[in-house]
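There are 2 protein chains.
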Amino acid sequence: MGQKPRSVNELATIVAVAIIECVPNVSEGRREEVVEDIVDAVRRVPGARLLDYSSDRSHNRSVISLAGEADALKAAVVALFEAAIARIDLRTHTGEHPRLGAVDVVPFVPIEGVTMEECVALAKDTARTVAQRFNMPVYLYEEASSNPLRKNLEDIRRGEFEGLAARMATDGWTPDFGPSTPHVSAGASVIGARMPLIAYNINLNTDRLDVAKKIAASVRFSSGGFRYVKAMGVTLADRGIVQVSMNLTNYEKTPILRVFEAVKREAERHGINVLESEIVGLVPAAALINTAQAALQLADFKETQVLETRLRQAE
Amino acid sequence: MGQKPRSVNELATIVAVAIIECVPNVSEGRREEVVEDIVDAVRRVPGARLLDYSSDRSHNRSVISLAGEADALKAAVVALFEAAIARIDLRTHTGEHPRLGAVDVVPFVPIEGVTMEECVALAKDTARTVAQRFNMPVYLYEEASSNPLRKNLEDIRRGEFEGLAARMATDGWTPDFGPSTPHVSAGASVIGARMPLIAYNINLNTDRLDVAKKIAASVRFSSGGFRYVKAMGVTLADRGIVQVSMNLTNYEKTPILRVFEAVKREAERHGINVLESEIVGLVPAAALINTAQAALQLADFKETQVLETRLRQAE
Numbered sequence: 196m197g198q199k200p201r202s203v204n205e206l207a208t209i210v211a212v213a214i215i216e217c218v219p220n221v222s223e224g225r226r227e228e229v230v231e232d233i234v235d236a237v238r239r240v241p242g243a244r245l246l247d248y249s250s251d252r253s254h255n256r257s258v259i260s261l262a263g264e265a266d267a268l269k270a271a272v273v274a275l276f277e278a279a280i281a282r283i284d285l286r287t288h289t290g291e292h293p294r295l296g297a298v299d300v301v302p303f304v305p306i307e308g309v310t311m312e313e314c315v316a317l318a319k320d321t322a323r324t325v326a327q328r329f330n331m332p333v334y335l336y337e338e339a340s341s342n343p344l345r346k347n348l349e350d351i352r353r354g355e356f357e358g359l360a361a362r363m364a365t366d367g368w369t370p371d372f373g374p375s376t377p378h379v380s381a382g383a384s385v386i387g388a389r390m391p392l393i394a395y396n397i398n399l400n401t402d403r404l405d406v407a408k409k410i411a412a413s414v415r416f417s418s419g420g421f422r423y424v425k426a427m428g429v430t431l432a433d434r435g436i437v438q439v440s441m442n443l444t445n446y447e448k449t450p451i452l453r454v455f456e457a458v459k460r461e462a463e464r465h466g467i468n469v470l471e472s473e474i475v476g477l478v479p480a481a482a483l484i485n486t487a488q489a490a491l492q493l494a495d496f497k498e499t500q501v502l503e504t505r506l507r508q509a510e
Numbered sequence: 196m197g198q199k200p201r202s203v204n205e206l207a208t209i210v211a212v213a214i215i216e217c218v219p220n221v222s223e224g225r226r227e228e229v230v231e232d233i234v235d236a237v238r239r240v241p242g243a244r245l246l247d248y249s250s251d252r253s254h255n256r257s258v259i260s261l262a263g264e265a266d267a268l269k270a271a272v273v274a275l276f277e278a279a280i281a282r283i284d285l286r287t288h289t290g291e292h293p294r295l296g297a298v299d300v301v302p303f304v305p306i307e308g309v310t311m312e313e314c315v316a317l318a319k320d321t322a323r324t325v326a327q328r329f330n331m332p333v334y335l336y337e338e339a340s341s342n343p344l345r346k347n348l349e350d351i352r353r354g355e356f357e358g359l360a361a362r363m364a365t366d367g368w369t370p371d372f373g374p375s376t377p378h379v380s381a382g383a384s385v386i387g388a389r390m391p392l393i394a395y396n397i398n399l400n401t402d403r404l405d406v407a408k409k410i411a412a413s414v415r416f417s418s419g420g421f422r423y424v425k426a427m428g429v430t431l432a433d434r435g436i437v438q439v440s441m442n443l444t445n446y447e448k449t450p451i452l453r454v455f456e457a458v459k460r461e462a463e464r465h466g467i468n469v470l471e472s473e474i475v476g477l478v479p480a481a482a483l484i485n486t487a488q489a490a491l492q493l494a495d496f497k498e499t500q501v502l503e504t505r506l507r508q509a510e
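First to last, the protein sequences are chains A and B.
Counting in the working numbering, the first sequence runs from 196 upward without gaps.
Counting in the working numbering, the second sequence runs from 196 upward without gaps.
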């Protein structure tokens with residue numbers, strides 16, 4: 196039934212789509228009118244599509260999701276910086292989440308028809324413009340990083356806004372762009388490129404937090420687990436169960452299904468079953484397609500075989 | 196990790212699209228220039244988008260995928276008939292795949308913003324035109340069928356081109372449109388409407404055709420298996436292995452992963468392993484997302500969590 200494709204792409208008339216996601220984190224999660232101001236600045240940029248935004252009061256921080264092509268995203272980030280610098284003053288900012296600046300971190304994420312290298316180039320270009328326009332110190336991070344000491348976001352953010360002036364004077368901590376002193380009210384920013392991050396949780400049919408913590412330790416990188424997994428064990432008090440709560444930072448190299456199966460096996464060692472799992476927020480289609488590929492032992496599957504992908508390309 | 200979004204959908208107005216897929220199967224898979232001729236005829240029809248085409252030499256058959264709105268697809272199918280009738284002669288055609296005519300089967304498939312009823316109406320309208328224009332006998336099948344005996348494609352195709360004249364003279368086998376005798380060189384055609392079909396094959400690490408046939412029998416509807424599975428065992432001579440070759444006709448009710456797991460278990464009964472599986476041609480994204488959901492025990496997953504889906508909605 197179904198025959199092997201001999202060939203053939205109808206790629207002639209295909210409009211290349213290059214979709215990048217950008218997820219700026221700004222240091223304001225309490226004053227709604229300020230968040231709306233900042234989001235409005237992004238909305239006004241043609242071609243930058245606002246996918247989602249959410250605020251956390253205890254973190255005093257908002258996460259904004261945009262998508263579009265490179266030029267539109269760069270313009271949107273510049274507009275966002277302008278609005279955030281005008282409304283946020285780190286000298287009076289408090290919150291649970293560590294932060295370095297008003298626009299704390301800006302990752303560019305390759306989604307479709309675009310390489311990581313192109314996202315790195317966009318990150319550097321945006322960082323240079325932001326540094327010049329706003330006289331803002333900017334560190335590059337993750338794939339865009341120029342220095343192994345400053346690849347990891349947590350490392351760059353250590354000491355936070357309050358320790359920034361001292362940090363910048365330290366050997367090796369000259370920013371990649373902009374002045375070597377903090378912006379007086381807006382601190383510094385971290386701009387870079389990374390793979391899509393998937394917030395993935397697995398619920399267990401037990402209330403034993405010690406088991407969830409042991410399983411989390413077994414799969415996370417920091418204690419010997421998978422390279423691209425961050426994990427912790429938490430209690431879901433309202434349901435009387437525990438959860439292995441994870442961030443998957445590279446689903447290509449550490450696939451979701453592999454993590455799921457490892458957690459399931461570890462749980463079985465404790466006589467415990469997986470109740471269910473959940474993806475929180477957005478997930479790239481490719482991550483689910485990879486999962487299906489692995490589950491079905493699919494050989495040679497191409498994303499262009501997905502009907503909707505093909506339709507969009509042929510448009 | 197990952198906070199739950201407090202808010203917010205940026206759902207702009209969604210533009211209504213009515214997308215139908217059409218997947219003509221033509222009885223030529225060896226002479227490339229003939230296939231190109233036929234495909235070119237379709238390419239010339241404005242509004243009909245050629246998504247894909249592929250040929251199989253041993254089946255001596257090509258599958259062409261088009262998408263568009265009703266009028267454009269009808270025009271494309273008429274153009275395809277004209278080209279195929281001019282270049283294909285069933286009297287000299289050989290191949291492994293059963294066939295009734297030069298344009299063997301033409302299904303219309305609802306994809307987005309269109310009902311099955313509208314696809315049925317399009318199938319009937321196209322069948323009537325093709326029958327008149329080319330003096331071609333046409334049977335309607337699946338959702339467009341007018342007779343329970345002629346709902347299933349295999350039933351209609353039994354006896355193939357070679358037995359067609361005798362078949363047509365049998366009670367109840369008068370075609371739905373066109374003459375009651377075969378087209379001398381192009382036989383007859385089957386036109387209808389159906390759900391998206393997934394051509395799905397599972398390769399086994401053995402050359403034992405009897406095992407592939409037994410497994411096929413265990414999963415296919417006609418011999419006691421799943422409601423929406425058609426299956427046969429075939430040899431892949433060039434690779435020295437066998438394959439369970441399937442059509443999945445409703446992935447919502449008979450999910451891909453359930454079929455894969457059943458085949459895997461049956462193979463194990465014979466001491467045989469699944470080497471790999473393959474999806475031939477196009478597959479709706481929802482079928483892969485369903486697979487990932489099942490494999491990961493995902494609870495409460497919504498298709499709007501897929502980044503690309505969200506992107507399209509925000510357009």
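Treat each hint with caution, since some may be false.
No copy labels: a pair is met if it fits in one copy or bridges any two.
What the hints assert, rightly or not - With a cut-off of at most 20 Å between alpha-carbon atoms, the simulated EDC-like pairs for lysine to aspartate or glutamate come out as follows:
#, residue 1, residue 2
1, 448, 433
2, 497, 247
3, 497, 473
4, 425, 366
5, 408, 284
6, 409, 463
7, 497, 405
8, 497, 251
9, 425, 320
10, 408, 264
11, 319, 456
12, 408, 456
13, 425, 338
Just so you know, the hints here were simulated from the structure itself, not pulled from any lab data.
Hint check results:
1. In this assembly of identical chains, the alpha carbons of residue 448 and residue 433 never lie at most 20 Å apart, being 34 Å within a copy and 33 Å across copies at closest.
2. Taking CA atoms no more than 20 Å apart as the test, residue 497 paired with residue 247 passes between copies only; the shortest distance there is 13 Å, against 29 Å inside one copy.
3. Only between protomers do residue 497 and residue 473 lie at most 20 Å apart by alpha-carbon distance; the minimum there is 10 Å, versus 26 Å within a single protomer.
4. Taking identical chains as interchangeable, the C-alpha atoms of residue 425 and residue 366 are never at most 20 Å apart, the minima being 27 Å within one chain and 68 Å between chains.
5. In this assembly of identical chains, the alpha carbons of residue 408 and residue 284 never lie at most 20 Å apart, being 31 Å within a copy and 69 Å across copies at closest.
6. Within a single copy, residue 409 and residue 463 get their C-alpha atoms as close as 12 Å, which meets the 20 Å cut-off; across copies the closest is 34 Å, which misses it.
7. With identical chains, the CA atoms of residue 497 and residue 405 are never at most 20 Å apart, being 42 Å at best within one copy and 31 Å at best between copies.
8. In this homomeric assembly, residue 497 and residue 251 come within 20 Å of each other (Cα to Cα) only across copies, at 19 Å, whereas the closest approach inside a single copy is 37 Å.
9. In the homo-oligomer, the alpha carbons of residue 425 and residue 320 never lie at most 20 Å apart, since the shortest distance is 28 Å inside one protomer and 54 Å across protomers.
10. Proximity of residue 408 to residue 264 under the C-alpha cut-off of 20 Å is found in neither arrangement, the shortest distances being 40 Å within a copy and 50 Å between copies.
11. Proximity of residue 319 to residue 456 under the C-alpha cut-off of 20 Å is found in neither arrangement, the shortest distances being 38 Å within a copy and 47 Å between copies.
12. Within a single copy, residue 408 and residue 456 get their C-alpha atoms as close as 17 Å, which meets the 20 Å cut-off; across copies the closest is 32 Å, which misses it.
13. For the identical chains of this complex, residue 425 and residue 338 are intra-copy neighbours only, at 17 Å inside a copy versus 47 Å across copies, given an alpha-carbon limit of 20 Å.
When held up to the earlier numbered hints, the structure conflicts with 1, 4, 5, 7, 9, 10, 11 and fits the remainder.
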